[in-house]
Amino acid sequence: DAGITQSPRYKITETGRQVTLMCHQTWSHSYMFWYRQDLGHGLRLIYYSAAADITDKGEVPDGYVVSRSKTENFPLTLESATRSQTSVYFCASSQQGARSEKLFFGSGTQLSVL
Amino acid sequence: SQQGEEDPQALSIQEGENATMNCSYKTSINNLQWYRQNSGRGLVHLILIRSNEREKHSGRLRVTLDTSKKSSSLLITASRAADTASYFCATDAGAAGNKLTFGGGTRVLVKP
Chain A
1 DAGITQSPRY KITETGRQVT LMCHQTWSHS YMFWYRQDLG HGLRLIYYSA AADITDKGEV
61 PDGYVVSRSK TENFPLTLES ATRSQTSVYF CASSQQGARS EKLFFGSGTQ LSVL
Chain B
1001 SQQGEEDPQA LSIQEGENAT MNCSYKTSIN NLQWYRQNSG RGLVHLILIR SNEREKHSGR
1061 LRVTLDTSKK SSSLLITASR AADTASYFCA TDAGAAGNKL TFGGGTRVLV KP
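These protein sequence lines map, in sequence, to chains A and B. Numbering-wise (our numbering), the first sequence opens with residue 1 and increments by one. Numbering-wise (our numbering), the second sequence opens with residue 1001 and increments by one.
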């Protein structure tokens, strides 16, 4: 029972490069979320998805792209990485969404943009 | 801006003591949730309390919710060193979407 997994665990890249962070869940949950965590800001929602092919912006979507072609995968792409995108990124999932139930979180991806 | 704000930002207590942290939020909610994060790890769900509930217990955890004041508290009784972590409150967006908004968290240090 793998649950929700993120890869890579650590990533170092350079400004201007494209980077894709992967998120995979084995529960067939409808909802998936991407958050970033920075010191002093807690967790901020980047994008979320209610189902395959349905995505919506969160609080800080600029510079990020998501897709959801399959229910179990929700990749996050930084099209042209900037230093301000250095952060820890967390993926989460739930079946019914935040209105009625808890979220399950992955272990995170620590991204450094040099 | 953050929906939830925790207070205090940091808390240091001795093992066996109780730890209390508070959360305030701004808009109407369907539920409020508390999560724990150990250093370098993902978030783990602790308790979900719905807007029509006033108090909820889970083991050594007690959560209260006052919707008239838009505030919640998390009490950890008889704390242990293993309770050392950051604690976050999170609220759903009410009518604005099926997503969670997190506060900045309270860092709790339990000294043995």
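Just so you know, not all the hints are guaranteed correct.
Unchecked claim - Below 30 Å or equal to it, Euclidean Cα-Cα: the simulated DSS-like pairs (lysine-lysine) are: (1) 1111(B) with 57(A); (2) 70(A) with 11(A); (3) 1056(B) with 1070(B); (4) 11(A) with 1069(B); (5) 70(A) with 57(A); (6) 1069(B) with 1056(B).
Everything labelled a hint here was simulated from the structure, so no lab data went into it.
Evaluation of the provided hints:
1. 1111(B) with 57(A): Violated, at about 41 Å.
2. 70(A) with 11(A): OK: residue 70(A) and residue 11(A) at ~24 Å, within 30 Å.
3. 1056(B) with 1070(B): 16 Å, holds
4. 11(A) with 1069(B): Roughly 42 Å separates the two Cα atoms, so the pair is violated.
5. 70(A) with 57(A): Satisfied, since the Cα-Cα distance of roughly 18 Å is no more than 30 Å.
6. 1069(B) with 1056(B): 17 Å, holds
Consistency with the previously given hints fails for numbers 1, 4, ordered from lowest to highest.
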